[in-house]
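One point on numbering: in numbering that gives the first Met the number 0, the residue at position 6 of the sequence shown is 5, and numbering is uninterrupted.
Mixed in with the good hints, there may be bad ones.
Claimed, not checked - Straight-line distance between alpha carbons at most 35 Å, and here's what the computed DSBU-like set of lysine-lysine pairs gives:
id, residue 1, residue 2
1, LYS41, LYS16
2, LYS41, LYS105
3, LYS16, LYS43
4, LYS105, LYS43
5, LYS41, LYS13
6, LYS49, LYS16
7, LYS49, LYS19
8, LYS19, LYS40
9, LYS16, LYS40
10, LYS105, LYS40
11, LYS49, LYS13
12, LYS43, LYS13
13, LYS19, LYS41
14, LYS105, LYS19
15, LYS19, LYS43
16, LYS49, LYS105
17, LYS13, LYS105
18, LYS16, LYS105
19, LYS13, LYS40
Simulated from the structure, these hints should not be mistaken for laboratory data.
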Amino acid sequence: MSQKILLQDYSPSKQVKLEKMFFTLAEQWRNETGMQSSPTKKLKHPAYQKIISMGEPVLPLILRELEWNQDHWFLALIAIAGENPVSPEDDFSQAVAAWLRWGREKGLI
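My request is simple: use the sequences and hints to build the entire structure.
Dropping the structure here:
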């Protein structure tokens, strides 16, 4: 991340709008891909791609969502953050822990 952009940088009305859009898209993504066995199809879903396009301001929201509802947010996090704290040998729960640790270290959660 070249610049730290947090939700606090937005006015309250913009924060609410951003959060509402994110959680609406996240719910749509979960509902429409929940039974998908293909990670590729899940990751190419339009709602997931829209979340990625929202950029750095949604990093705290993705991390919060990852903390509450562990799901495949890793590609979105990598795409937006431009880094990956997960080791190749990490399993899913270790990857979740690595991203949450990263988010805490960056002050995002």
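Structure-based check of each hint:
Taking the CA atoms of LYS41 and LYS16, the gap is near 25 Å; set against the 35 Å cutoff, the hint holds. Annotation: proposed proximity of LYS41 to LYS105 holds, straight-line Cα distance about 27 Å (limit 35 Å). With a C-alpha separation of about 24 Å, the suggested pairing of LYS16 with LYS43 holds against the 35 Å cut-off. In summary, the hint linking LYS105 to LYS43 is supported, as the alpha carbons are separated by about 27 Å, within the 35 Å threshold.
Between the alpha carbons of LYS41 and LYS13 the distance comes to roughly 28 Å, so the proposed pair stays at or under 35 Å and holds. Taking the CA atoms of LYS49 and LYS16, the gap is about 15 Å. The hint holds against a cut of 35 Å. A hinted pair counts as satisfied when its Cα atoms are at most 35 Å apart, and LYS49 with LYS19 qualifies at roughly 13 Å. Between the alpha carbons of LYS19 and LYS40 the distance comes to roughly 24 Å, so the proposed pair stays at or under 35 Å and holds.
Distance restraint check for LYS16 and LYS40: the Cα-Cα separation of roughly 27 Å lies within the 35 Å cut-off, and the hinted pair is therefore satisfied. Restraint check for LYS105 and LYS40: satisfied, since their Cα atoms lie roughly 30 Å apart, inside the 35 Å limit. Annotation: proposed proximity of LYS49 to LYS13 holds, straight-line Cα distance about 17 Å (limit 35 Å). For the hint pairing LYS43 with LYS13, the CA-to-CA distance comes to about 27 Å; that is within 35 Å, so the pair holds.
About 21 Å separates the Cα atoms of LYS19 and LYS41, which keeps this hinted pair within 35 Å; it holds. In summary, the hint linking LYS105 to LYS19 is supported, as the alpha carbons are separated by about 23 Å, within the 35 Å threshold. A hinted pair counts as satisfied when its Cα atoms are at most 35 Å apart, and LYS19 with LYS43 qualifies at roughly 21 Å. The suggested pairing of LYS49 with LYS105 holds, with an alpha-carbon distance near 23 Å, which does not exceed 35 Å.
A distance of roughly 22 Å separates the Cα atoms of LYS13 and LYS105; the hinted pair therefore holds under the 35 Å criterion. Distance hint between LYS16 and LYS105 is fulfilled; the C-alpha atoms sit about 23 Å from each other, no more than 35 Å. Between LYS13 and LYS40, the direct Cα distance comes to roughly 31 Å. Compliance with the 35 Å bound is thereby established for this hinted pair.
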